[in-house]
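Participant: In the order they appear, the protein sequences are chains A and B. Numbered per the numbering used here, the first sequence spans residues 2 to 200. Numbered per the numbering used here, the second sequence spans residues 366 to 987.
The hints are simulated quantities; they were obtained by calculation from the structure and are not laboratory data. Check before you lean on any hint, since a few could be wrong.
Cβ-to-Cβ under 7 angstroms is the rule here; a few derived chain B residues that face chain A [unchecked claim]: (1) Val-652; (2) Val-783; (3) Ala-843; (4) Leu-846.
Here a beta-carbon is modelled for each residue, glycine too, at the ideal position from N, C-alpha and C.
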Amino acid sequence: MVVEKASTCDLEFADSTIQSDKALNTSNNFFEIFSIPVAWDVDIEGLKVRYRALQKEFHPDRYAASSDAQKRLAVQTAAVINQAFDTLTSPLSRAQYLLERKGISADQESYVTTDGVFLMQQIELREALGGVTRSDKPWLALERLRSTVESTYQNLQNEFQQFYSAETLDSAFNTVAKMQFFNKLLHELEQLEYELEDL
Amino acid sequence: MVLLQISEPGQSPQPHQRKNAVGIDLGTTNSLVSVVRSGMPETIADQAGCHLLPSVVHYSTQGVDAVGQEALGFNVSDPLNTISSVKRLMGRGINDVLMLGDQLPYAFQQLDEGMPKIDTVHGLISPVQVSAEILRTLVNLAEQSLDVMLDGAVITVPAYFDEAQRQATKDAATLAGIKVLRLLNEPTAAAIAYGLDAEQEGIIAIYDLGGGTFDISILQLTRGVFEVLATGGDSALGGDDLDHAIAQWLRVQSGMNESLNPMEQRILLEAAKAAKEELTEIDHVNVAILEWEGSLTRSVMNGLIDDLVARTIRSCRRTMRDAGVSVDEIQNVVLVGGSTRSPLVRDKVSKFFGLQPMCSLDPDSVVALGAAIQADILVGNKSAGDMLLLDVIPLSLGIETMGGLTEKIIHRNATIPVSKAQEFTTFKDGQTAMVIHVLQGDRELVDDCRSLAKFELRGIPPMVAGAAKIRVTYQVDADGLLNVTARELTSNVESRIEVKPSYGLGETEITKMLQDSFSYARDDMQARALREQQVEADRMVEDLLTALAKDATSLLSEEEIQCLNLAIAELQKLRLETTEHRVLARKIEAVGKTSETFAARRMDASIKSALAGRSLEDIERG
Numbered sequence: 002m003v004v005e006k007a008s009t010c011d012l013e014f015a016d017s018t019i020q021s022d023k024a025l026n027t028s029n030n031f032f033e034i035f036s037i038p039v040a041w042d043v044d045i046e047g048l049k050v051r052y053r054a055l056q057k058e059f060h061p062d063r064y065a066a067s068s069d070a071q072k073r074l075a076v077q078t079a080a081v082i083n084q085a086f087d088t089l090t091s092p093l094s095r096a097q098y099l100l101e102r103k104g105i106s107a108d109q110e111s112y113v114t115t116d117g118v119f120l121m122q123q124i125e126l127r128e129a130l131g132g133v134t135r136s137d138k139p140w141l142a143l144e145r146l147r148s149t150v151e152s153t154y155q156n157l158q159n160e161f162q163q164f165y166s167a168e169t170l171d172s173a174f175n176t177v178a179k180m181q182f183f184n185k186l187l188h189e190l191e192q193l194e195y196e197l198e199d200l
Numbered sequence: 366m367v368l369l370q371i372s373e374p375g376q377s378p379q380p381h382q383r384k385n386a387v388g389i390d391l392g393t394t395n396s397l398v399s400v401v402r403s404g405m406p407e408t409i410a411d412q413a414g415c416h417l418l419p420s421v422v423h424y425s426t427q428g429v430d431a432v433g434q435e436a437l438g439f440n441v442s443d444p445l446n447t448i449s450s451v452k453r454l455m456g457r458g459i460n461d462v463l464m465l466g467d468q469l470p471y472a473f474q475q476l477d478e479g480m481p482k483i484d485t486v487h488g489l490i491s492p493v494q495v496s497a498e499i500l501r502t503l504v505n506l507a508e509q510s511l512d513v514m515l516d517g518a519v520i521t522v523p524a525y526f527d528e529a530q531r532q533a534t535k536d537a538a539t540l541a542g543i544k545v546l547r548l549l550n551e552p553t554a555a556a557i558a559y560g561l562d563a564e565q566e567g568i569i570a571i572y573d574l575g576g577g578t579f580d581i582s583i584l585q586l587t588r589g590v591f592e593v594l595a596t597g598g599d600s601a602l603g604g605d606d607l608d609h610a611i612a613q614w615l616r617v618q619s620g621m622n623e624s625l626n627p628m629e630q631r632i633l634l635e636a637a638k639a640a641k642e643e644l645t646e647i648d649h650v651n652v653a654i655l656e657w658e659g660s661l662t663r664s665v666m667n668g669l670i671d672d673l674v675a676r677t678i679r680s681c682r683r684t685m686r687d688a689g690v691s692v693d694e695i696q697n698v699v700l701v702g703g704s705t706r707s708p709l710v711r712d713k714v715s716k717f718f719g720l721q722p723m724c725s726l727d728p729d730s731v732v733a734l735g736a737a738i739q740a741d742i743l744v745g746n747k748s749a750g751d752m753l754l755l756d757v758i759p760l761s762l763g764i765e766t767m768g769g770l771t772e773k774i775i776h777r778n779a780t781i782p783v784s785k786a787q788e789f790t791t792f793k794d795g796q797t798a799m800v801i802h803v804l805q806g807d808r809e810l811v812d813d814c815r816s817l818a819k820f821e822l823r824g825i826p827p828m829v830a831g832a833a834k835i836r837v838t839y840q841v842d843a844d845g846l847l848n849v850t851a852r853e854l855t856s857n858v859e860s861r862i863e864v865k866p867s868y869g870l871g872e873t874e875i876t877k878m879l880q881d882s883f884s885y886a887r888d889d890m891q892a893r894a895l896r897e898q899q900v901e902a903d904r905m906v907e908d909l910l911t912a913l914a915k916d917a918t919s920l921l922s923e924e925e926i927q928c929l930n931l932a933i934a935e936l937q938k939l940r941l942e943t944t945e946h947r948v949l950a951r952k953i954e955a956v957g958k959t960s961e962t963f964a965a966r967r968m969d970a971s972i973k974s975a976l977a978g979r980s981l982e983d984i985e986r987g
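Please model the entire structure based on the sequences and the hints provided.
Facilitator: As structure tokens, then:
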């Protein structure tokens with residue numbers, strides 16, 4: 002008898018778990034940690050500078066000569082900073098986090114779309130993915146597919162930004178669900194690339 | 366488990382007193398120890414002037430008989446009791462070992478789930494014990510040469526080492542009585558060693574082909590921050606494999622039949638290794654094996670090892686993709702490990718990256734030098750203000766879900782330390798227990814991943830299927846070691862495990878080995894344990910007093926302050942009075958609990974204020 006994944010995909014684990022796990026009571030949200038405004042637009046290069054500055058201060062290596070309790074806390078703190086950084090650098094998790102802060106738990110796993118156009122597109126892309134290995138020029142087919150997926154993913158991000166700033170959160174939620182599909186596709190393309198190399 | 370701290374008994378820790386820490390490269394073929402003296406790292410030589418200690422241990426009926434160069438002398442005459450390349454066995458199960466084929470000519474015994482033991486004249490020996498002997502020899506060498514007691518060591522491991530291999534390495538250090546300041550990834554150590562000279566910025570690749578492992582790491586260097594973007598490799602591919610490919614060819618050429626005795630195997634391997642080394646300088650060597658004489662050219666040898674080198678290049682390509690970096694963004698390639706002396710390796714690496722690789726530092730010692738620098742910082746000698754390492758985990762960590770599938774909880778190349786949680790639920794009505802099976806690897810099926818640990822969460826209140834909420838938290842510390850907690854949220858039933866991989870040694874096994882070990886008489890151990898707790902108590906008091914002086918009024922109520930002051934006073938009193946280390950340890954734990962909230966509030970407030978109101982330019986200036 003092994004574990005079964007809970008039906009509610011728990012997206013708040015980002016800060017709440019660490020909070021419950023031990024004492025680190027991050028009332029700070031991930032944006033606050035880096036002292037940047039809560040917004041979709043994030044200057045990634047600037048974020049990296051801030052991230053490195055924080056780790057220089059809070060990384061466990063800075064506490065190598067401290068008490069064990071302090072060391073444990075440093076491990077947790079650095080983990081929170083890493084988590085915050087990862088969440089804000091990935092467009093998908095940043096979008097999910099923003100919605101979550103508006104009280105919308107992004108339960109994408111059980112998301113059922115009624116958007117027929119989107120569904121057709123999904124089916125076509127899946128077929129194209131399956132066709133790559135059978136193609137005469139698999140690398141070319143892979144690159145074409147990747148650029149389609151990437152540009153759609155980018156468009157969805159722009160769409161999310163508009164919905165989010167207009168506070169039309171239902172639409173923003175739908176867009177995030179679509180982003181998740183495309184993010185997954187990008188991962189599968191990466192896997193496919195490994196497989197092609199092994200052929 | 367008591368970690369033995371090596372320090373002068375009766376000496377009180379003074380914050381500004383210079384401490385002694387070394388860097389140790391525990392290699393497949395050779396090991397080294399190095400130290401920072403007057404600001405510069407250097408490797409420590411033995412009395413004969415040798416810096417490299419062959420990673421070889423010879424056992425006689427009495428026990429350990431020779432370590433290093435002297436042990437190497439028994440290689441051919443007593444192959445079954447002369448243990449080399451033991452790093453390839455660390456954290457491995459019998460199946461992994463068998464996959465290495467006839468490469469390791471020992472008699473193995475598998476007693477339980479753990480690592481296979483080597484059957485010697487002195488009895489069954491664990492790979493961890495062999496590694497501990499090598500570590501002990503290096504530490505003794507350092508202590509004699511520096512004429513001090515060591516406060517700790519940084520020990521390097523291949524970046525691609527998994528949890529079990531890391532744990533086994535740490536176990537070996539424990540057994541050798543070494544306080545491990547950090548397990549450091551070898552490529553990162555090499556980057557530190559080079560970074561000191563160059564002070565460079567940008568993206569670099571570290572290509573590390575050692576005796577038994579291959580690592581490729583892509584690092585971003587920014588103002589003293591060494592950020593590993595991705596790491597990859599093969600923890601069972603190295604110079605040994607090149608030797609075997611050549612030995613195989615020599616065997617066929619010399620007409621020896623396939624079933625060799627251990628002595629013949631060693632003769633072949635030594636001839637292969639010698640030929641390989643000579644061929645780095647010249648194009649053609651003569652080889653003599655027993656009655657046979659022949660020759661080997663570099664181009665024939667290159668043909669034999671071509672495929673192995675190609676495997677490393679494929680890893681490079683994948684790892685760069687993981688890092689999200691293209692070849693032309695790489696500004697430098699650093700070569701590490703003795704096997705990178707091979708002209709074919711150099712050629713292929715420079716072709717692939719389109720760069721002349723950096724190899725100004727000796728590839729054999731560069732890792733140890735970097736480890737010494739990091740040790741010096743961690744032990745508190747050097748203000749770490751300008752240098753920081755951000756390392757990653759090499760393989761994803763997951764959990765078994767229904768249908769024998771692996772659900773990833775932490776993805777590979779996540780920066781450590783990292784903590785992540787996922788929620789799971791019961792799948793049967795009234796289910797009261799749940800097995801948490803911890804896995805490492807990037808494959809979908811459980812069978813294709815390495816099993817790290819299995820434990821059970823019991824006492825879940827009976828509910829309908831799907832109603833329980835079990836939160837499983839994985840936390841990886843800065844050494845890359847994993848801790849798993851499972852908690853049922855509605856009832857708060859909790860179970861936690863420090864992951865001791867199935868292939869590591871059990872806690873009791875280590876304790877027993879420690880007790881058996883001659884060098885740690887009982888009283889001695891007690892005294893060390895007490896001393897260690899006293900140091901810990903002092904640290905805690907100092908930490909707390911500093912913290913209170915700074916933040917008590919802003920973060921704590923009057924009552925909380927009183928409560929903490931009382932706890933500190935009690936701890937100080939006990940610290941002076943007790944001779945029982947367990948009593949002191951318990952008190953430290955209790956005070957730790959009392960001060961937890963305060964510590965968390967401080968950390969919380971300081972994160973919040975760390976960057977507040979500062980412009981990017983300010984932050985960059987530091």
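Participant: Hints first: check each against the structure and report whether it holds.
Facilitator: Results of checking the hints against the structure:
1. The closest approach between the C-beta of Val-652 (chain B) and any C-beta of chain A is roughly 35 angstroms, which is over the 7 angstroms cut-off, so the hint fails.
2. Interface restraint check for Val-783 (chain B): the shortest CB-CB distance to chain A comes to about 5 angstroms, inside 7 angstroms, so the restraint holds.
3. Taken as an interface hint, Ala-843 (chain B) checks out: its beta carbon lies about 5 angstroms from the nearest beta carbon of chain A, inside 7 angstroms.
4. Below 7 angstroms, beta-carbon pairs count as interface contacts, and Leu-846 (chain B) has none with chain A, the closest being about 11 angstroms; its hint is therefore violated.
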